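With these hints in hand, go ahead and build the complete structure from the sequences.
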Amino acid sequence: MAIKTEDYIKYLTEKVVHYMDTPVEVRKEQRSLTKSAREPWLVRWFGLVPLSVLLWWNRRRQKKEHPHP
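Numbering (UniProt numbering), first residue to last: 1 to 69.
Incorrect hints may have been included.
What the hints assert, rightly or not - Ranges between beta-carbon positions, derived for each pair:
(1) 22 x 48: 32 to 38 Å
(2) 53 x 21: 45 to 51 Å
(3) 55 x 15: 39 to 45 Å
(4) 39 x 14: 26 to 32 Å
(5) 38 x 11: 23 to 29 Å
(6) 65 x 32: 47 to 53 Å
(7) 19 x 53: 41 to 47 Å
(8) 33 x 4: 32 to 38 Å
Said to hold, decoys possible - Straight-line C-alpha distance at most 25 Å; calculated DMTMM-like pairs for lysine to aspartate or glutamate:
(9) 15 x 29
(10) 28 x 39
(11) 28 x 14
(12) 4 x 14
(13) 15 x 25
(14) 35 x 21
(15) 35 x 25
(16) 10 x 21
Think of the hints as simulated: they come from the structure by calculation, not from any bench. All figures in this text were calculated on a predicted structure; none of them were measured in a lab. Where is the CB? At the ideal position from N, CA and C, for every residue including glycine.
Written out as structure tokens, the structure is:
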């Protein structure tokens with residue numbers, strides 16, 4: 001479903017006007033709250049890699065303990 005150009009321009013204009021109407025202090029506070037709620041970059045970038053290595057290692061160890069006949 002495509003957005004009409006006029007609707008998109010209206011949406012962008014509303015966003016810009018809302019941004020310009022909010023005081024600088026409120027914008028800074030919202031930005032700091034968003035940053036504090038976000039996970040650290042190390043977890044965001046490498047969060048699944050340690051988990052996948054752990055799963056692989058456990059599966060490898062289980063195969064050594066219970067070899068198939």
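So, going through the hints one by one against the coordinates:
Between residue 22 and residue 48 the CB atoms are about 36 Å apart, so this pair conforms to the stated range of 32 to 38 Å. Distance hint check: the CB atoms of residue 53 and residue 21 are about 49 Å apart, consistent with the given range 45 to 51 Å. Checked against the hint of 39 to 45 Å, the pair residue 55 and residue 15 passes, with Cβ atoms roughly 42 Å apart. Distance hint check: the CB atoms of residue 39 and residue 14 are about 30 Å apart, consistent with the given range 26 to 32 Å.
Distance hint for residue 38 and residue 11: a CB-CB separation of about 25 Å, consistent with the stated range 23 to 29 Å. In this structure the hint that residue 65 and residue 32 lie 47 to 53 Å apart at CB holds, the actual value being about 50 Å. In this structure the hint that residue 19 and residue 53 lie 41 to 47 Å apart at CB holds, the actual value being about 43 Å. Between residue 33 and residue 4 the Cβ separation comes to about 34 Å, which falls inside the hinted range of 32 to 38 Å.
At most 25 Å may separate the alpha-carbon atoms for a hinted pair to count; residue 15 and residue 29 meet this at roughly 18 Å. Between residue 28 and residue 39 the alpha-carbon distance is near 19 Å, which keeps this suggested pair within the 25 Å criterion. With a CA separation close to 20 Å, the supplied pair residue 28 and residue 14 stays within the 25 Å bound. Between residue 4 and residue 14 the alpha-carbon distance is near 16 Å, which keeps this suggested pair within the 25 Å criterion.
At roughly 18 Å between alpha-carbon atoms, residue 15 and residue 25 fall within 25 Å of each other, so this suggested pair holds. Restraint check for residue 35 and residue 21: satisfied, since their Cα atoms lie roughly 22 Å apart, inside the 25 Å limit. Among the hinted pairs, residue 35 with residue 25 is consistent with the structure: their alpha-carbon atoms are about 15 Å apart, no more than 25 Å. Under the criterion of a C-alpha separation no larger than 25 Å, the hint pairing residue 10 with residue 21 is consistent with the structure, at around 16 Å.
Of the hints listed earlier, there is not a single one the structure fails to meet.
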